[in-house]
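K.L.:
Now for the letters of each chain:
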Amino acid sequence: MSEPVIKCENVYKIFGANAQKMLKDSNGNVDAKTFQENGCIVGVNNASFEVSKGEMLVVMGLSGSGKSTLLRCISRLTDATGGKIFIEGQDLLQLNNKDLIDLRRNKMGMVFQSFALLPHKTVVENIAFPLQIKGVKTEDSISKAMDMVKLVGLDGRENYFPRELSGGQQQRVGIARSLAVEPDIWFLDEPFSALDPLIRKEMQDEFLRLQEKLQKTIMFITHDFDEALKLADRIAIMKDGIIEQLDTPANIVLNPATEYVRKFTEEVPREKVLLIEDVMEASKDNLGDLKVSKDEIIENVAEKILTQEKPVAVVDNDNKIIGSINPTKIINTVFGGRKNNN
Amino acid sequence: MELLKKYPKTFQWLFLLIVFFALCFAIDVPETYKFIRGQAEFVKDPNQSSYVFLGKEVRYYAFDVFWRLPPLLGWLPIWINDSLFFLMNDWMPIEVWNEDTQEFKSRPIVLQISRNLTAFMTFLIELIREILLGGLETIVAFTSWDWIDKNPWAELPGLPWTIVAAGAALLSYKLSGKGLAIFAGLTMVYISIFGQWKPSMQTLSFILVAAPLSFIFGLGLGIAAFKSKRVEKALYPILLVMQTMPQYAVLVPALVLFGVGDHAAVIITMVVAIPPMILLTLLGLRAVPSEVIEAGRMSGCNNFQLMFKVLIPTARRDILIGVNQVIMVCFSMAVISAFIGAKGLGFNLLLALNQLNIGLALEAGLCISLIAILLDKMSLAWANKQTDYFGNLTFYQRNKNLLFFGAIFVIGIVLAYIGTYLFKDTFNYLFEIPHNKGISTADFWNKGVDWIFDTFFIYIKAFNTWLIQDVLQPMRALYLRMPAIATIVLVVGAGYLIGGIRSALVVCALTLFIAFSPWWDRALVTAYMATFGVIVSCIIGFTVGTLCFQNKHSANFMLGVCDIFQTFPSFVYLIPVMMLFGITDTSVLIAVIVYATIPATRYTIEGLRSVPAGLHDAATMSGVNKFQRLTKIEFPLAFPHMMLGINQTIVFALFMVIIGAFIGTEDLGQYILKALSDKKGAGIGLTLGICVAFIALIFDNLIRAYVQKRKKHLGID
Chain L
26 MSEPVIKCEN VYKIFGANAQ KMLKDSNGNV DAKTFQENGC IVGVNNASFE
76 VSKGEMLVVM GLSGSGKSTL LRCISRLTDA TGGKIFIEGQ DLLQLNNKDL
126 IDLRRNKMGM VFQSFALLPH KTVVENIAFP LQIKGVKTED SISKAMDMVK
176 LVGLDGRENY FPRELSGGQQ QRVGIARSLA VEPDIWFLDE PFSALDPLIR
226 KEMQDEFLRL QEKLQKTIMF ITHDFDEALK LADRIAIMKD GIIEQLDTPA
276 NIVLNPATEY VRKFTEEVPR EKVLLIEDVM EASKDNLGDL KVSKDEIIEN
326 VAEKILTQEK PVAVVDNDNK IIGSINPTKI INTVFGGRKN NN
Chain C
14 MELLKKYPKT FQWLFLLIVF FALCFAIDVP ETYKFIRGQA EFVKDPNQSS
64 YVFLGKEVRY YAFDVFWRLP PLLGWLPIWI NDSLFFLMND WMPIEVWNED
114 TQEFKSRPIV LQISRNLTAF MTFLIELIRE ILLGGLETIV AFTSWDWIDK
164 NPWAELPGLP WTIVAAGAAL LSYKLSGKGL AIFAGLTMVY ISIFGQWKPS
214 MQTLSFILVA APLSFIFGLG LGIAAFKSKR VEKALYPILL VMQTMPQYAV
264 LVPALVLFGV GDHAAVIITM VVAIPPMILL TLLGLRAVPS EVIEAGRMSG
314 CNNFQLMFKV LIPTARRDIL IGVNQVIMVC FSMAVISAFI GAKGLGFNLL
364 LALNQLNIGL ALEAGLCISL IAILLDKMSL AWANKQTDYF GNLTFYQRNK
414 NLLFFGAIFV IGIVLAYIGT YLFKDTFNYL FEIPHNKGIS TADFWNKGVD
464 WIFDTFFIYI KAFNTWLIQD VLQPMRALYL RMPAIATIVL VVGAGYLIGG
514 IRSALVVCAL TLFIAFSPWW DRALVTAYMA TFGVIVSCII GFTVGTLCFQ
564 NKHSANFMLG VCDIFQTFPS FVYLIPVMML FGITDTSVLI AVIVYATIPA
614 TRYTIEGLRS VPAGLHDAAT MSGVNKFQRL TKIEFPLAFP HMMLGINQTI
664 VFALFMVIIG AFIGTEDLGQ YILKALSDKK GAGIGLTLGI CVAFIALIFD
714 NLIRAYVQKR KKHLGID
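Line order of the protein sequences matches chains L and C. The first sequence begins at 26 in this note's numbering and counts up one residue at a time. The second sequence begins at 14 in this note's numbering and counts up one residue at a time.
Only chain C is shown next, with the shape it has when bound in the complex (with noise of 0.2 Å):
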């Protein structure tokens, strides 16, 4: 009794567990069930059950309801699929003036919205992309296809290689110096030498149309939000979802609502860029200090003036996080959207991992790689960029750069055109360099794959058969093993035990909806993959983080590290790993892990360096050793912070896992790339990316809670 009252929550979770096991082990496995793989739950079948509900039939195989809950939810998915075809096919048709036909013609209102909105991006993109590398579609928006037939030159020629190249240098010296522009040279050079010029420049198109869309979007949403606690309220969940939801899951009903192609891309990534933006400009701007705020009305600024003047220079420092997210999901998506068709460096990404050309996909994902951390770094510099006064300059100094850039132009048009006599017979290079006539290191790589395979094959499988069978496939088990209810209690339990009554219903009810979806099955597998991930980042980034925290530069070398490996498009992960391990769950294990690393060595260095350095000389006078002060001192002030990266880590991991079903999981992801080839499949995507976010945010909800809890008890905020 005493000890009850001395350790009143650890009895409490003791209870808990008690209540979980008891029901795993009362509640038997039913004969009847089994795993459903594949396809053989959209035929039909004598032994399922059904119901019908708003006209729609759910068919499921039915279980104990303490074992499996009966998919409540199922007609959700296919509700959702009728009625986007009923919005995109039938409600409220308006007469459009047909050009081609010279006559009026009845279309729904959504369908007009989206072939307009189409229309649109794809000339910004064509736009964009024609400058860079030639074309007609531009020429043909502003007149006609007859026109053009008449006018066989009135075609807009693309910049030669050299240009953009140096052009791009240039631009990097004028932003930041030396070391960048070097950079941006030395990429440029690499991407043409190695013939991945076309698909770069189509990828950068793509990214210089929806990055700054999405950054104005974001911004206006984050201010809007700012200004008014409505609008914030009404995004708020929209934008907690959207931030946990994967990717791939938003691509299916871009698919109905825009179709395919690089619009449809454009359009949901800044479905996904936006976000991140939003929140971070909002944060910025609560920043602001009161008084600053008060100074720009008493220097007698207008609201308008007050917003662009001084709030959002003085928030500058989270806007730029969230330019650099913005740019970091738009290369990620940049690989994703080819599965909707996108054009670039993703597509020849995702069709050299189908045919295992290992080597290929390693130089597109460089190339990407590269070019995503130029234009971060560009991004930066010229947000920090500073005016001079007090120069007193000449026309030449001012204008340095126009005339460098002219004189840029010009050697490089003169050079392609001594190209077209230099390269008679064959392809101008000094224009553009085609794709596979470059350098191509494929051969070599995919040399070395083999020779690794070779080499450690017996090493490789041996391991590979180790996590899978004695891993892997008995914590699958166990995760499959517990009925529904058992699973529903530990969790709703362990919210009310951290964040009270509030955090269980909550917690609750995102549970209950994917226990009611069709997929809890497969969401329990994606919850075991994740939590290996987890698990495994956690351990190797709190000690990585840890070992690095003990001296600045590492520290700082790590922080950098973590800096460059998050701007890699999440695609690219997948490269190496396959590289390695072949199409294997371990594969994508693997990923995950790799990519869930990185926010878990961020929090732990950052959570460590929040430790006040009072602190610790109190700590070191006391007479502790460096491992007593990190053990007492630092970890117990630095848990909340960590705790932190360990959502951020969940968020990835669960990114990866679902990205991974691209090598072939049995989870959720499975179903999500195949509503991407589903005619019907919106509202399947859909509902998995929400289940997907939803398994997320029942733990950012009991994180979040238990850090509060824990920083008010340690008075750190």
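Next up, chain L with everything else stripped away, as it sits in the complex (with noise of 0.2 Å):
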């Protein structure tokens, strides 16, 4: 497997005058509970993880949980306290402002959840700012602006200025300036908590349909569960600093680490988020007709399921079966879980 593009080993982020100081007494072993009596709050709590190149990474967990903060520091817009980040193997850390400032022009981009975008400039200029920061002729800069509009679909609004757009095309300015540069990594801070549940919802499967396109490699943040369980490859559970669990939606939803991500697991639709493969059995014995793929999501193929009375066989890609899986599993996982829990 190809170097990840990013990797965190025991990043930790500490508010606090003597915050460092405290860091290094405590030998790794941080508490969040002490620290706060001495003045200092623990906003990344030994972080460990990587993103491997086009892949979209979800930190999930709700609001001071501090996924935003974990965001800010691979980004380094804060500093962490204490770790290695390593961005496609450069030690984030060590760069010096200039180099790390060249990183920012070409490799992020990042869209923010309040969108940031500034007032004084139109459309067009707020998408071509990153670009002409960069030194691009404002020529260019303008031309590939306006490639960025129709990308996210604001042709004819080129002129107008944030204050004159809705929630939703105001993100969508965002999402094209943060795309500007053609970053390979893209940090998504909330993007979409500020807007409308339908806008939301859109959104979401515009952007599925960019990074179809785009293949970039993504960091996104939100306290939606069901968002992080639409969008991601693999989903991080935060909880006070602290990842909790960190596993593909349908590990999360099968096996919940701690109690924390049970609860949040409890009431999400199995059949929506769990594959044949997550429910299948290994015994390939008294099969009857119907073959399913091991990537079918439960929810469309369960109706075919529920009519067979014998176990279905259950075929990788190359139509090989693999394993089996009976009605009834089909049943109990989408009924049984949830009603065991209430």
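Listed next, the in silico DSS-like pairs over lysine-lysine satisfying Cα-Cα at most 25 Å (straight line):
{"no.": "1", "chain 1": "C", "residue 1": "Lys242", "chain 2": "L", "residue 2": "Lys46"}
{"no.": "2", "chain 1": "L", "residue 1": "Lys316", "chain 2": "L", "residue 2": "Lys354"}
{"no.": "3", "chain 1": "L", "residue 1": "Lys123", "chain 2": "C", "residue 2": "Lys322"}
Keep in mind the hints are simulated off the structure, nothing from the lab.
Since each chain comes alone in its own frame, lean on the hints to assemble the complex.
P.N.:
This is the structure we're talking about:
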């Protein structure tokens, strides 16, 4: 496997006057409570993970869980108190100011919750801004920005000011701006949280369409578990600065690592998240005629399976049978899990 | 006892008042006490006591300590003055090459810096002035007088007024559009036709130097304060005092440091105009959302780009208010600095007021106000200007305005040239209409004033007498009757009850400074005039504001009126009141009231507007009528903001009271004015200014403490 694009090793972020010293004294064993008593607030507590190329990692947590702080450490908007962060193998915390600016100008893009558009610039000027900062000629930057305007579907509004746009449109500008320099790494900090539910869904779909096309390496922050499930390749769930669990959506739903994670998964409609592969059994005996792919989402094939009396064969991409699934298993998955918890 | 528990605050206040009045009645007026008028206190008097501190002798009339505190700070003005003189004349001499005598000369470093600064400012002012009016100085600055004698042709000719007027209109059109262009054109034509061209251009050249420099320094220092906590902490107290210090007071030290003339006026204007610019820059930069800053960083901005492409443009609104303030202060100072020899409209205005030629004063005042409004609007329009990327422009379209100006330039010169033939024997009216040779409406106004005086003399006199005898004199007597110790107890007690121990200590220190200065009595008179002005202003302002708030259009209209009134230089307010009431305290007080009503009205409307719409609806649904909604919902919620209005009202009132000394009052302002003509007045002027600033700061502290508490209580921020 190639080198991970983002790699974090034991990252800590602690706010407060003598955070450095306290972290050193604690020997990597940070307890939020004792720190708080000494006037320090723990933002990120011992975060280690990797994100590989083209992968979308969604960091999920409630407000105050440290998810935004983690993102800001990785984009070095704040300096991590301890640990190591590598971007494409480069040690981020060792970069000097000039290299950091170069990195941001060429490799990183970021989208913000409150859009963070420049109020004095029009749509196209906002999108061209990172290019102009980089020193691209005005004409080139504007024409490139116009391409971006088309990409996010804002044609005809390029001369509007941010205040004249709706929230959804403003965030489209934010997305276009973050993509203008064609970055490899894309940070999104609760990009859809400030939007209305219908617009949010629309933007999520749009976002998936874009990602299909662009294949960026993404860190996506959200407090909405459904959003995380819908978008993520992998999800990291954070609480009080600690990553409670980092896994694929299916594994999180099926095997919540902690009580906290389990609470989130309770209400999740499993059939929409889990794949056949996740619930199949290894036995290949007594199979019926129907075959389903292991990569199907349960919801899509549940009706077919439930009409069968015998277990259904599960096949992989080469149409080879790798296991089976029982109709009763489907019923248990869809209804059983939740009944037990109630 | 129950009552005491239920309303603890009320009883605390009651207790404070009881103590205050008890002190007032317990301490009798000493038999020897009299309010000292005129020059008496500079004359040696055997009844005076004296002490020596730091080698300075301080003489004073001693009273019972409870009645008036001894002037323990009496040495301060003398000491400041001596230090200034020492700095200027003796401290750290350096060798300076003298061009004229061709030798090195020893000169104190401060004097040398002051000279260089002066020369630089003079050069800038003369450069702009001579572009507008013509002259020799700029060329002399690059060559020498001898060279000019040999080359008599070398003189900047000055622009014909037609070019400047049309140029101003064209610039306004480019910046904003037809409306402003017409206004600019009319203003310039008015100025010219009424023979105010020369003084107007003198004032303009003064402002075109002072305003941009103030803006640059204010912005720079604001950025520095934003970036470094330490700079902010160092600047903050200076800013506070400077914001509340009457503009008169800074004139005096400037006189010592920089001498008399336009250059000194520019420097002192900068000193006054920079603090609000710093504060507003800081305010604006602070208010930039952190996500916008992060967006800038993630776009790869370096620190410079982040500041000038992200932070400052995003904070534009507040910075623009700062620019607005700078322009306002500059025009205000354009008049006031006429006291230290600034030429132009301000000088004419002062002269006319001195001669009681109200008509002339009115014309000059109108000119200043018009130019002030014009520059204000132009700077606003400039900052809001947008660039167009998509227009595919031809050479003509792109340079249209430049070509137009070229055409205007040529036409103007041709016109001026034709003028030399048309007006062979008189002045060339197409080049410049000289002062006093234009149309003058002064006679008309003067006759009007006379007519008003003749017709309404009895009523005005009666009103005047009533106000002075039945309201002002008793109020003044009451203020003077307060024993110093009682006043201090009252103020400090109020500080404690409102803002706790911290507030009490600050207020105590400020009050003691005034009490230990030699001018406690004068400060009381200042306070009484300001109090009277503030009370009346607040009543008018609250009423007008509340009435106008009932209708959206009238509210907007009123805010617009406030904007325009605020642009008028403060001195202009003295003109109409002197027209009506002559040289009396009434005039000053009415000017104070008019001037101070502006912030009272503005803040009332803004405060009422800030009440959330949801609460409005909730109140309506609870079935309140309009009056109930006003008293039960809107006033209580708008009150903190209205209190900030009172704060501003106090500052405005104090400013005007001090300026009123020009008409003749017996407060601190009178001494400041006197210090202006005193060779050793620098220390006195400065100390007096600080006293006035401290009066304002005492109230500022109390009101802010109250507002903060109240806002917290109401949960609004």
